[in-house]
Amino acid sequence: MSITPLTEDQRDALQEVLNIAMGQAGDSLARILDAFVELSVPRIRIVEVKEVTNTIREMVGNTADVTAVRQAFFDDLRGEAIVVMDENGCRDLADLMGYDDNLDCQAEQELLLDVSNVLVGAILNGVTETLGTSLSYSAPSIMAERCPVDHIIDPRNLSWTHALLLEVNYSLKNRGFKSHLLLLMAEEAIESLRKAVDDFVESI
Amino acid sequence: MTMQLNSAPLLDFIVGKINVGVFVINRDMDIVLWNHFMETYSGLKADDAVGTNVFDQFPELPRRWLERKINSVFVLKNFAFTSWEQRPYLFKFPHNRPVTGGVDCMRQNCTFLPVRNEAGDVEHVCVTLLDVTDTSIYQSMMKDALRRLADASNRDGLTGIYNRRFLETSLDKEFSRVRRYGGTLSFILLDIDFFKKVNDNLGHLAGDEVLRRAAEIFSHTIRDSDTLGRYGGEEFAVILPQTELDGAVILAERLRQNIEEAEILYDKNPIPVTISLGVTQLSDDVAAYEQLINDADIALYQSKENGRNKVTAFKPSV
Amino acid sequence: MTTPITIVDDSAMSRKLMTRALPAGWDVEISQATNGKEALEAYHAGKADVMFLDLTMPVMDGYEVLETLKKEGLNTFVVVVSADIQPKAQERVMSLGAMAFIKKPVNTEEVTKILKEYGII
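These protein sequence lines are chains A, B and C, in that order. Okay, so the first sequence: first residue is 9 according to my numbering, each after it adds one. Okay, so the second sequence: first residue is 5 according to my numbering, each after it adds one. Okay, so the third sequence: first residue is 137 according to my numbering, each after it adds one.
In isolation and in its complexed conformation, chain A is listed as follows (with noise of 0.2 Å):
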C-alpha cells in the first residue's frame, strides 16, 4: 500500500503542534519532576517497514543496552507510543518520581512505566488540546528489557508498510536521564491525523 506524502502546509502544521505540544509537555515534566526539562526540536517523517529497525537505532544511537515500553493510544488518533531509554537514565528518574532508593525488579518495572506514561501522556496532550481531538490510552506495558536496539521491533512482524514516525526526545538537565518517545502510526492512522490538522488549519 503506497501512501501520499504529507503536503508541505501538513508537515509544518503538523511540526508547529507537535512544538506547542512540546512545550507544554516540557512544562507540565518540570513542574511535576521539580527539575529543567530540555526538549528537543520534534523530527516527522514517513518509513517504510523494512528501514524502522535502522531509523530507530539512527535515532537512538548505537547506546549500550536499552528498555522500550509500548502504549497504545486510540479515539481521534490511532498508533502506539514507544518509549526507549537507557540504563542509567532509568534509575536516576525513580526518586523524582517518588520511588524509594532501593528498587527490586517489579518496582523498577513499574517506576518504567510509569515514565514512560507520563511522557506519552505529556506529548499527546499536547497535541489533542491544540487540534481538539480526543485521546484515550492503554495501559503501558514492558516490550523490551536489556537488549540491544535493533531488538526492539521485528519488522517480520509488523502488518503495516509505511508509518508516520514522530521523535521527541526529553533530558533532564544535569541528570543522566535521557529518553527517546517515538510516536508510530500506519496507514490508516496517517489520514485520521492528516485530516485533524487540515481541519486544524482551516480553521485558523
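Each hint should be verified, as a subset may be incorrect.
[To be verified] With a Cα cut of at most 27 Å, we get these calculated DSSO-like pairs of lysine-lysine:
#1 C/239 to A/181
#2 A/203 to B/81
#3 C/224 to A/181
#4 B/96 to B/49
#5 B/81 to C/239
#6 C/224 to B/81
#7 C/239 to A/203
#8 C/173 to C/152
#9 C/152 to C/207
#10 C/249 to C/224
#11 C/249 to C/206
#12 C/224 to A/186
#13 C/152 to C/249
Hints listed in this document are in silico derivations from the structure and should not be mistaken for laboratory results.
Keeping the supplied structure of chain A fixed, place chains B and C upon it in accordance with the hints.
The following block gives chains B and C in isolation, referenced to the frame of chain A:
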C-alpha cells in the same frame, strides 16, 4: 413499544452496580464517589466513605507513591495506570477464588482518569479497579507450564537427567565463566562397558533398565554443584565446576565403585555393570569447551584400552 | 498612524496564527520573516517597530536576533513567541532585552494585554 429512558439515572445505576471498582477523589484526597463494588470488598459504605480522606480510611495504602500518582493526573491531566504484574493490588481485597485460587488477595489493574470540568481543569480523579485475579492465576499457570516445558526440553526422556544439548550449553557457560573470572573446571566422560552385549543378550528393555539405574546411581553420587547428563547412547558426562583434577578423579573413582557394587536387576536377575571413565581439567591451552570433551574422550578410550572398569586422567601429550 | 510590524517564525502556520491573534483595529503593516537573518533585514528596512519573534528557527534563531539587537544598540519592541514555556527560557529572553513573552498557541487576549500594558495600542 419503546420506552423513554432518562440516561442519567441509568448511568448512575451502571456505575453503582458494575462489577468494577469505581471511586472518585478530589485534590484533598477526599472520596467523592464510592461504588457498590468498592463497598462490597472494602466493607466501607458509600455514605461513610464520601467526604472522608482516603488515607484516613485506608492507612495501609502506600501513601507517598499514591499521592504522587494521583498528583501527576491533576498536574499533567493525564491517564495513569497500575498493573498487577508490578503492583499486585492497590486495596487489599478478598478475591472470589478463596478455595481454588492460591493467591492471598485480589489482583488489581487500576486506571486513573483525569475528570475535566467545563473549563478543562482537572478537579477530580476517577479510579477504576479491575479484578484480574483470574488472569493472574492463568498467567502464573502458563508461566509454570512454560518453565516445565523448558525444563523438559533440557532432559533426556529415558533417564530424566539432562540431555546432551543442555550439557554442552552448560559446559560452554562454565568454560566462558572460568575464562572471564578465573577459577577452574573439570569434566568427566564415562561409558558403560559392554553395553551392546546387554542389549543383544537380554533385549532393549534390559538395556533401558541399566541406563535408568546407572543414571540414578550417578545422580546420587555427584555433588550438588555438579551437572550430570546423558551424552549419547550409553555415554554420560559430568561437569564439575571449581574442581581440580585430583578431586575429579576421586569423584570418578566413586562413580566407578558405586556402579560396580550396585545390584542392578532385570526380571529379578542381577546384571553386572561396570563403567570406564575419562577425566580432564581445564588448562590454559584449552581453546574451546569442545576440546575438553575431546580430551576426556581420549582418556576414556585409554580406560577402555587398559581393560575397562577404570578411571584415566587426561595427560596432554608433550 | 500605521505601525510596521514583523512576524518572525519559520512555520507558515505559526505566522498565520500570530497574524490572526493581533487585536482587531490595530493599524499595522505586517511583514513576515522566516528566520533571524530576514528579521534583521526587515528591521533595517524600517519594517519592524514591533517584532513578534519565535526562538527556534533555522539559519539564525531568536536568541541570536536578541543578542544582535542588544549588541548593536538597536531599538525595537520585541515580543518573544515560543512553545518552550519553562521559566528558565523566559528568564533568558528577558535578560537579552525582550519586552514580553507569549506562549504558543497565541491568543488575542494575551497579545492585546501586553500591547496595552506598554501603551502601544
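Structure-based check of all given hints:
Taking the CA atoms of residue 239 of chain C and residue 181 of chain A, the gap is about 22 Å. The hint holds against a cut of 27 Å. Taken as a hint, the residue 203 of chain A and residue 81 of chain B pair is honoured in the structure, with Cα atoms around 25 Å apart against an allowance of 27 Å. Between residue 224 of chain C and residue 181 of chain A, the direct Cα distance comes to roughly 11 Å. Compliance with the 27 Å bound is thereby established for this hinted pair. With a C-alpha separation of about 16 Å, the suggested pair residue 96 of chain B and residue 49 of chain B falls inside the 27 Å cut-off, and the hint holds.
With a C-alpha separation of about 19 Å, the suggested pair residue 81 of chain B and residue 239 of chain C falls inside the 27 Å cut-off, and the hint holds. Using a Cα cut-off of 27 Å, the hinted pair residue 224 of chain C and residue 81 of chain B holds, with the two alpha carbons roughly 23 Å apart. In summary, the hint linking residue 239 of chain C to residue 203 of chain A is supported, as the alpha carbons are separated by about 26 Å, within the 27 Å threshold. A hinted pair counts as satisfied when its Cα atoms are at most 27 Å apart, and residue 173 of chain C with residue 152 of chain C qualifies at roughly 20 Å.
A hinted pair counts as satisfied when its Cα atoms are at most 27 Å apart, and residue 152 of chain C with residue 207 of chain C does not qualify at roughly 30 Å. Taking the CA atoms of residue 249 of chain C and residue 224 of chain C, the gap is about 23 Å. The hint holds against a cut of 27 Å. Under the criterion of a C-alpha separation no larger than 27 Å, the hint pairing residue 249 of chain C with residue 206 of chain C is consistent with the structure, at around 25 Å. Taking the CA atoms of residue 224 of chain C and residue 186 of chain A, the gap is near 19 Å; set against the 27 Å cutoff, the hint holds.
Note on residue 152 of chain C and residue 249 of chain C: the hinted pairing holds, with a Cα-Cα distance of about 20 Å set against a maximum of 27 Å.
The structure fails hint 9 only (numbered hints given earlier).
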